[in-house]
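*Asks:* Protein sequences appear in the order of chains D and Y.
Just so you know, we're using the numbering used here here: the first sequence kicks off at 1 and counts up by one.
Just so you know, we're using the numbering used here here: the second sequence kicks off at 1001 and counts up by one.
In short, the hints are calculated from the structure, not lab data.
You may find that some hints are simply not true.
[Said to hold, decoys possible] Below are the DSBU-like pairs computed for lysine-lysine, each with C-alpha atoms no more than 35 Å apart in a straight line: (1) Lys1132(Y) to Lys128(D); (2) Lys211(D) to Lys262(D); (3) Lys1132(Y) to Lys55(D); (4) Lys54(D) to Lys367(D); (5) Lys211(D) to Lys1100(Y); (6) Lys206(D) to Lys1100(Y); (7) Lys277(D) to Lys296(D).
Every value quoted in this text rests on a predicted model; they were computed, and no experiment measured them.
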Amino acid sequence: TMFVNKHSRTFIFKRLPRNYRQFTSSSTEDYDLVVIGGGSGGLACAKAASQLQKKVAVLDFVTPSTQGTTWGLGGTCVNVGCIPKKLMHHASLLGDAIRDSKAYGWNVPDEVQSDWTTLSTAVQNHVKSLNWGHRVQLRDKNVEYINGLGSFKDPHTVRVKESNGTERLLKTRNAVIAVGVRPYVPSQIPGAVEYGATSDDLFWLKKTPGKTLLIGASYIALECGGFLNGLGFDTSIMVRSRPLKQFDQQMAELVAESMESKGTRFLRKCVPVSIEKDSRGRLVVKYEDLTNRQTKEEVFDTVMFATGRHAVTNNLNLEALGIEVDQTTQKVFGGHSDDHERTSVANIYAIGDILHNRPELTPVAIKAGQLLADRLFGGSQVQMDYNMIPTTVFTPLEYGVVGISEEKAVSCHGEENIEVYHAFYTPLEFAVPRRDASHCYIKAICFGDRILGLHLIGPNAGEVIQGFAVALRCGATWSGLSGSVGIHPTTAEEVVKLHITKRSGADPTVTGC
Amino acid sequence: MTTSRRENKNVKSIYFAKAHHPHYPAVNINYNIQRHVATAEKKFECFNIQDAKDFQTRVIESPVPVIVDFHATWCGPCKLLGPRLEAIISNKEGQVSLAKVDVDENVEIAMEYLVESLPTVIGFKNGRKINKFIGLQEDDAIDSFVEKLIH
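With these hints in hand, go ahead and build the complete structure from the sequences.
*Replies:* Next up, the structure:
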């Protein structure tokens, strides 16, 4: 017999057993699940399904950004979202720490500079190690990984076009759309697509960002603007109306003010008109001040658009299958047949950022994916609970929140039925270097003994709010919260020490112990 | 009791010997300095694997044993291990070759040999995997690993 190893492509046909599958472009194997999108949601769903002994494939493909940036397996969070963002946020906080350390007796130079190349290389190396980690995990969990662009031929057939051009047809019982969203750049603004970077590019920038303009008022604009400013770059944020429109407005204003106090310039009520390149390669931005209709001009090294994230579903062929999408955002509608993630086609589901009207958060996508796999293959009936999902805006002074905003509480229950307990506090560590703590603020929005929302601005807000979010999910009440004993000295204890109401009009500033 | 500086292989140490004859000057005796000598003559085969076919011909079908260094550009310890491997293997007078596999460029090969953490070093002889170690190692450990593969 001829020795055939897996590297050779020759076969002797008459020696093949009868049922041997020939190597063709279409696979006749049946999958239990094909997941389109290898991000937080897609990978979690695929791995969970594989744990239940199912045949799973995950497709992942990154269409390069407007500036040509591309990345590996893992989705937005790993490559151009949460992970690099948090690392750079931390890098900028270290700058503050070095400056504060003088007051604490450390012998540090008066001026410290950050080196973008060192930072971005370290961040990118970590991201690449995570890409690798995900590849290894998929192999360990027996999930087939295909680097290709997926689309639907019919509800049970996914066509995948690999980067080398080969096409495969995957027959599958179920499919999950987990393609996420991508930054939207307003193409009607001359020069925007040509010269504007987005969060897709920022973390992979080879050259230093220099003097940067961020256009947008979302958490992406504020978080990126925040760390760029902290790293020493001249940073401006152009906001059309108000910062953080999706969040509690009082907290949003405090966050913006805290950033302004650290030197970030907000160009409020301004909109970009055009972007051009000058002879030195810098970007000339013409913008309009909406208050007085004046057009102004300024030169920047980098312009980053953070003007929303849209679904890119036109290549999925959803229309042909009758999968309904929202007309404005192109996001996929879930909620069919009482299943939060089921689309209008019975065996096709959507999870993560692509799912219409659900929080765009990694842990939400992961949990929804895992629960979906359990329902599809594990006999579970448990639906994803999209209520009381905590999150944090990682601006230099972080804003952590679980529950609803004060505006929403008032509109749902009426102002007279809502009690808001609040406090301005000073983290102990701020006292010695005399750091500005005027934006450190907490409020708990209560309806009787029920806590509807807990909002906190302060250092490590993300770490602090996590525990309280669990408490609220377990039914913690206002009396339970305020009856709890604090840990001293922390900023978290200020949450359980809340007692001054907005209604009383009393000064909510926390004094001494 | 601490290991004397003489026994610690990673420490560069220079001792001055007293002149043993008035006509001969004091001599510097160098102990335990790692030599990274670039010479024109190739003392051993060291190559980067390009693809699966390359791996097949130069590792699986190699007449001499091959040490395969699975590494990545983003891996810090890999950058430290590389030179150590080269230095040690260069002293084996061609009895063993060194193949370098960048796991990002050769994912399939890395997957096939179940590489997870980096660096992973696998010793091949007669087309089969003989031994392996994971992570940055001290020179003694690397040396005994290489010796085990050769003999």
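*Asks:* Starting from lysine 1132(Y), check that the Cα of lysine 55(D) is at most 35 Å away, please.
*Replies:* 31 Å, holds
*Asks:* Hey, lysine 54(D) versus lysine 367(D), does the alpha-carbon distance stay inside 35 Å?
*Replies:* Since the Cα atoms of lysine 54(D) and lysine 367(D) sit roughly 19 Å apart, the hinted pair holds (cutoff 35 Å).
*Asks:* Regarding the pair lysine 206(D) and lysine 1100(Y), is the alpha-carbon distance no greater than 35 Å?
*Replies:* Answer holds: lysine 206(D) to lysine 1100(Y) is near 27 Å, not above 35 Å.
*Asks:* Within a Cα-Cα threshold of 35 Å, do lysine 277(D) and lysine 296(D) meet the stated pairing?
*Replies:* Roughly 16 Å between the alpha carbons, so the hint for lysine 277(D) and lysine 296(D) holds.
*Asks:* Compare the distance between the alpha carbons of lysine 1132(Y) and lysine 128(D) with 35 Å, and conclude whether the hinted pair is satisfied.
*Replies:* 24 Å, holds
*Asks:* Does lysine 1100(Y) sit within 35 Å of lysine 211(D), going by the straight-line distance between their CA atoms?
*Replies:* Not OK: lysine 211(D) and lysine 1100(Y) at ~41 Å, beyond 35 Å, violated.
*Asks:* Within a Cα-Cα threshold of 35 Å, do lysine 211(D) and lysine 262(D) meet the stated pairing?
*Replies:* Measuring from Cα to Cα gives roughly 16 Å; hence the hint holds.
In this structure, the one hint that does not hold is number 5.
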